[in-house]
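Undergrad: Chain residues, written in single-letter form:
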Amino acid sequence: MDITREDLSLFLNACAAATSQQEFYSSEQEQRVSLRFLHQYICGNYRTLYARTLAAGLNHHNQQEVIYQLLSSGKDCPAEFRLLENRLITAALKQLPPQRAWKLLQRLQGGKVNNRRTRKVIATFIAGRKDLPFDALKYRRKVKAAMQHAHVKPSGEVSAFLFEGIKKPFVTPLLEQFRRAHYSKEALYDLPYSIAEGLAAKHQIPRAEFLKRIEGKMTDRERLRLQSSSAGKIQLNPEKLSLTELCVYVLGLTLDDRRNREEELTGFLQRSAHAILRQNGKLPLPDHKMAAILDNSYSSSGSRVKKNRPLAVALSVDVLLQNACKDYRAFWTRPVKKQLLNHAKGQTFLAERLLDALEWGAQTVLIVSDACENDVPGAFEQIYQGYRQMGGKAQIFHLSPVFDAENYQVKPLVKDLPALGLRAGEDLGTTLAFARFSTGKSTLLELETYLQGRVDALLSAAGGLS
Amino acid sequence: MKINDTLNLQGLRAAPSQVCGAFRLVPLIREKPCQDVRITHERYQQDLSRVQLNDGTEYWSFIPHGYILNWAKGNEATISFGAQLSKGTKTDRFAGGFTVTTHQRMVKRQNANSVRLLPLHLSMEAFLALYFGGPDIAWLEYSRFAKQHGLGIRSERAVSGRSLFMFEDALRTFEIHEGQVGVLIYTAEKLASAFVVPTPEDYRALHQTLLDDFYGELIYQYALWSQAQDLNIKLEVAGKKTLAELRQALHAARDQWAEFSTRVMGLDLLQRNIIGETIYKPAQLRLERFMTELDLNATNTIGERLVRSDGEVLYLKTFQLGADQTKRAWWLSQLSRHHWHIGQTAESLNMTAEEVVRSLNRAGFGYLLNPQILQQALKKR
Chain A
1 MDITREDLSL FLNACAAATS QQEFYSSEQE QRVSLRFLHQ YICGNYRTLY ARTLAAGLNH
61 HNQQEVIYQL LSSGKDCPAE FRLLENRLIT AALKQLPPQR AWKLLQRLQG GKVNNRRTRK
121 VIATFIAGRK DLPFDALKYR RKVKAAMQHA HVKPSGEVSA FLFEGIKKPF VTPLLEQFRR
181 AHYSKEALYD LPYSIAEGLA AKHQIPRAEF LKRIEGKMTD RERLRLQSSS AGKIQLNPEK
241 LSLTELCVYV LGLTLDDRRN REEELTGFLQ RSAHAILRQN GKLPLPDHKM AAILDNSYSS
301 SGSRVKKNRP LAVALSVDVL LQNACKDYRA FWTRPVKKQL LNHAKGQTFL AERLLDALEW
361 GAQTVLIVSD ACENDVPGAF EQIYQGYRQM GGKAQIFHLS PVFDAENYQV KPLVKDLPAL
421 GLRAGEDLGT TLAFARFSTG KSTLLELETY LQGRVDALLS AAGGLS
Chain B
467 MKINDTLNLQ GLRAAPSQVC GAFRLVPLIR EKPCQDVRIT HERYQQDLSR VQLNDGTEYW
527 SFIPHGYILN WAKGNEATIS FGAQLSKGTK TDRFAGGFTV TTHQRMVKRQ NANSVRLLPL
587 HLSMEAFLAL YFGGPDIAWL EYSRFAKQHG LGIRSERAVS GRSLFMFEDA LRTFEIHEGQ
647 VGVLIYTAEK LASAFVVPTP EDYRALHQTL LDDFYGELIY QYALWSQAQD LNIKLEVAGK
707 KTLAELRQAL HAARDQWAEF STRVMGLDLL QRNIIGETIY KPAQLRLERF MTELDLNATN
767 TIGERLVRSD GEVLYLKTFQ LGADQTKRAW WLSQLSRHHW HIGQTAESLN MTAEEVVRSL
827 NRAGFGYLLN PQILQQALKK R
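Chains A and B supply the protein sequences, listed in that same order.
When you number the first sequence by the working numbering, it's gap-free, plus one each residue, and the end is 466.
When you number the second sequence by the working numbering, it's gap-free, plus one each residue, and the end is 847.
One thing to keep in mind: the hints can contain errors.
[To be verified] According to the in silico footprint, chain A covers these stretches of chain B (three or more CB under 8 Å from chain A): (1) 479 to 487; (2) 698 to 704; (3) 715 to 727.
[Stated by the list, open to error] Residues on chain A that point at chain B, a partial pick, calculated with CB under 7 Å: (4) S297; (5) Q347; (6) A351; (7) L358; (8) N374; (9) V376; (10) I383.
The hints are simulated quantities; they were obtained by calculation from the structure and are not laboratory data.
Remember, it's a predicted structure, so these values are computed and weren't measured experimentally.
In this text, a Cβ means the ideal position worked out from N, Cα and C, and glycines have one as well.
Next comes chain A alone, as it looks inside the complex (with noise of 0.2 Å):
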């Protein structure tokens, strides 16, 4: 029992950090290749829990292989349990971003996965739209293969559309938009702007020309992706943003930019870090002296994929903990004089900053690094045990925002100080109630309970469809 308990928590721990994408340590594909493993085996070995943890919070990119797992080995799946697996599926991919879903239904297509039931989930899917015709426009092709993959031909236009081309005027605007757009210049600005983009290269009009008057029909993510190559030219709002992507946008600032719009970019992390905080409630932090130990290192500068990203969940969970605790210290390995000013480099160096962070007087002392220290090698760990034979008590908590592919977990820090995967400083709160379920401090029942409670949550949002 305890080995199941183990194993489910360090799935869903790894989970939390993993995405499958390059990281400083690791290639992508290094990092694929164990996390795939990982989905198999839980999947092969606890089915029914493995199917409920669609619900329990996992980021999108791990849903989406809960999901796939699932449907490509539905024989394994018990009998009495298939119901409410369709229905988790049903619920996890309907609430999965539209580019996400219709990837992973292409890639059904691709992986040979074609049985009733997955037929059935996609022609649910896609009934299930609300706004068909727009999707088929975005993401004609993914489209297109999930239809024919699972036998659907919806009727009418959008079916027209996909399978015999623009040669006949449409009566849904979308697509009558569009299908002009492929004569007229003036018609392209009618279309959203993702997809009038690359007609706006099909008809060679300049970039700038065609930002500037396609800006009203942006997204809020479009106009972050933007900022950099448009130079500041598109607006952004950034309160909509959420913690985190604002602090990898600060830190894709330069230094003198940062400097000369303080006040501004600190307004925006503090008010996202309070509507956190509104938003979560309380962080579960007992109120005495925090202190967190930040790794700055050129580690935590990520990869091309995810620039910075180690850094800026560092950063966000340094101005939430700024406007949740009542006294608190930051420590980064290498000190800062602003907190706005950060940027990855130099070396990891970890265990003179618990020393500082204890000698302060820190109660609780939050740790967020990959693990990957330097200076000296394992002296944490030493450090650690030292201070805990000396009697020492606060609490330490250790959360790392990368998956580590060589051994298929969140790598500690120290051996029995396991780490939590961190993916988002908004999700500190999250992380911090599942420490229990990850330190042994909860049976098997507990968890399942939670996870019960969750998946209730999430049928109830998905309007109990069956």
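Put chain B on the given structure of chain A with help from the hints.
TA: Coordinates of chain B only, in the frame set by chain A:
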């Protein structure tokens, strides 16, 4: 070859190492910041370089980059920086896009207070030119070629940093320390190369160029070992009562580690006796190239360094010789010591003349010997 000295890291302090694959990189930090000397690099795009040396000899190699060494004259606080003239460097284009650059000399003065030098090639050239003249007395044992041309065209092979397994990853994931000016590169726990520059800014700029340099073939083999050992250091934490005591233990461990990684693990290179020559004397400094005293039972190294008169190392770059390369140099030095007389050489080594001839042949110097003598020696075996 005049200077007799030992190879040391005066003025530098080692920090805890970082490991990736078979590579262990030990950062070196300068104790007192260097204000008056800087090194930058200039890149060359050609396929092959030809260096014209003083006496009409030529040195051919692939040379990806050269260093520009700047120093302050006298009491000037700043050093001129940025505008460098590349006089004496000319690129020819041959059919098929094959390019050759001609450099004048290994170390070429650029203006009053800067020189251009070709890193590693500076010392490699000296190594190749060792006892280049061949026999000084026309002994019967030598071939006509040896009597006319000496050693002829000497060549050695080396491996590019790019072909070392995981070296690129090791350099990419290496977390450069604040104030770091150099690095010791260990492969499979054996000191393979040392690299030191004057200031931390220079080091940051030159860190990635380590990949373009060349390394000994042994390092290529060692890199395939892929796993460095787990050399975790033990902290004296048992029985400590206060946080201050724990901190002391940490600092002690850091010092101990630095001591270990330079003194104990670097035995093959550091503290070894060297022989070398001074190439250039900018201001109060000495630019030297050197070779460790040849020892057939140890790894031998050639390299170049820039030192202050008080012994502080400002620039250091080394290349580890392979066993065969050491052997070739060793045989040449033995022959030279006995005026290239094979009989006398054999006597001093307690060998027969035939054995010496066979060894020379094995080392790759068969072409120097009279074919008949060589054949006789091989037959007698």
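Undergrad: Now tell me if each hint is right for this structure.
TA: Against the structure, the hints come out as follows:
1. 479 to 487: holds (count 5)
2. 698 to 704: Result for this restraint: holds, n = 6.
3. 715 to 727: n = 5 at 8 Å, threshold three: holds.
4. S297: 5 Å, holds
5. Q347: Holds, because the Cβ-Cβ distance from Q347 (chain A) to chain B comes to roughly 4 Å (cut-off 7 Å).
6. A351: With Cβ-Cβ at 6 Å, under 7 Å, it holds.
7. L358: 6 Å, holds
8. N374: N374 (chain A) check passes; min Cβ-Cβ to chain B is 5 Å, inside 7 Å.
9. V376: Holds. Min distance 4 Å.
10. I383: For I383 (chain A), the interface hint holds, since the closest Cβ of chain B sits about 6 Å away, which is under 7 Å.
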